[in-house]
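K.L.:
Listed here are the chains, written in short residue letters.
Number of protein chains: 2
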Amino acid sequence: MNALGRHLLVELYDCDKEALNDLDLLRGVMLDAAIESGAVVLGDSFHRFSPQGVSGVVIIAESHLSIHTWPEFGYAAVDVFTCGTTVQPEKAAQVLIEKLGAGHHSIAEIPRGVLVAV
Amino acid sequence: MNALGRHLLVELYDCDKEALNDLDLLRGVMLDAAIESGAVVLGDSFHRFSPQGVSGVVIIAESHLSIHTWPEFGYAAVDVFTCGTTVQPEKAAQVLIEKLGAGHHSIAEIPRGVLVAV
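Line order of the protein sequences matches chains A and B.
Start counting the first sequence at 1; every next residue gets the next number (my numbering).
Start counting the second sequence at 119; every next residue gets the next number (my numbering).
These are computed hints drawn from the structure, not numbers from a lab.
Since this is a predicted model, take the numbers as computed values, not measurements.
Honestly, I wouldn't trust all of these hints.
Stated by the list, open to error - Some chain B residues flagged as far from chain A (calculated, every beta-carbon gap over 10 Å):
1. 139
2. 147
3. 153
4. 189
5. 204
6. 217
What the hints assert, rightly or not - Just so you have them, the derived chain A footprint on chain B, three or more residues with Cβ under 8 Å:
7. 158-172
8. 193-201
In this text, a Cβ means the ideal position worked out from N, Cα and C, and glycines have one as well.
Given the sequences, and given the hints that come with them, work out the whole structure.
P.N.:
As structure tokens, then:
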């Protein structure tokens, strides 16, 4: 299939609840994940919510990574959206799975921009 | 189904190619879309690529919106990820469809964070 982008929807369950509430830790893990996948980081934006939870996005030259956490449920929703052939989004997902201590997870890949003419 | 988040994957085809390459226009449309959906905007980050294409993310209190454009193909990949009951992500998608002049489009909704205990 000819697709412009690869989009991994990563569901992380039974994670380390303290990690899911730690903005600095999450930002570091997300940047590590981006770099490990081979991406070029262009910028990032992270926010911590009250009483809990963090949202963050890393913009990369090849698209983006995002995370939203629900510490109270040990759950994080991660997206790894990449384009081009130089980035391996699976590697980013693996970094998140390991560093957030996910007890179980699922990864669904959605092709984006499926163009007949490409 | 009890899900923590609603994630719309929006594929926009046959868009206005000039619009897809105009960072300021795209940022305005994305912020309009977020506000129209009822979201609270916390921040944004947009980047223009050479020779063409724009990536941008709007962080909202209810998760995020993102866009990646390929002007050469008239295509944009949009994500609208929301949580809670006060936001209507379909409204954000509709703003993008209209303001980018999409000739055709598809919207797939993926529930995120489906927890047995919720």
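K.L.:
So, for every hint listed, does it hold in this structure?
P.N.:
Quick rundown of the hints versus the structure:
no.: 1; hint: 139; result: holds (15 Å)
no.: 2; hint: 147; result: holds (18 Å)
no.: 3; hint: 153; result: holds (17 Å)
no.: 4; hint: 189; result: holds (12 Å)
no.: 5; hint: 204; result: holds (14 Å)
no.: 6; hint: 217; result: holds (19 Å)
no.: 7; hint: 158-172; result: holds (count 6)
no.: 8; hint: 193-201; result: holds (count 5)
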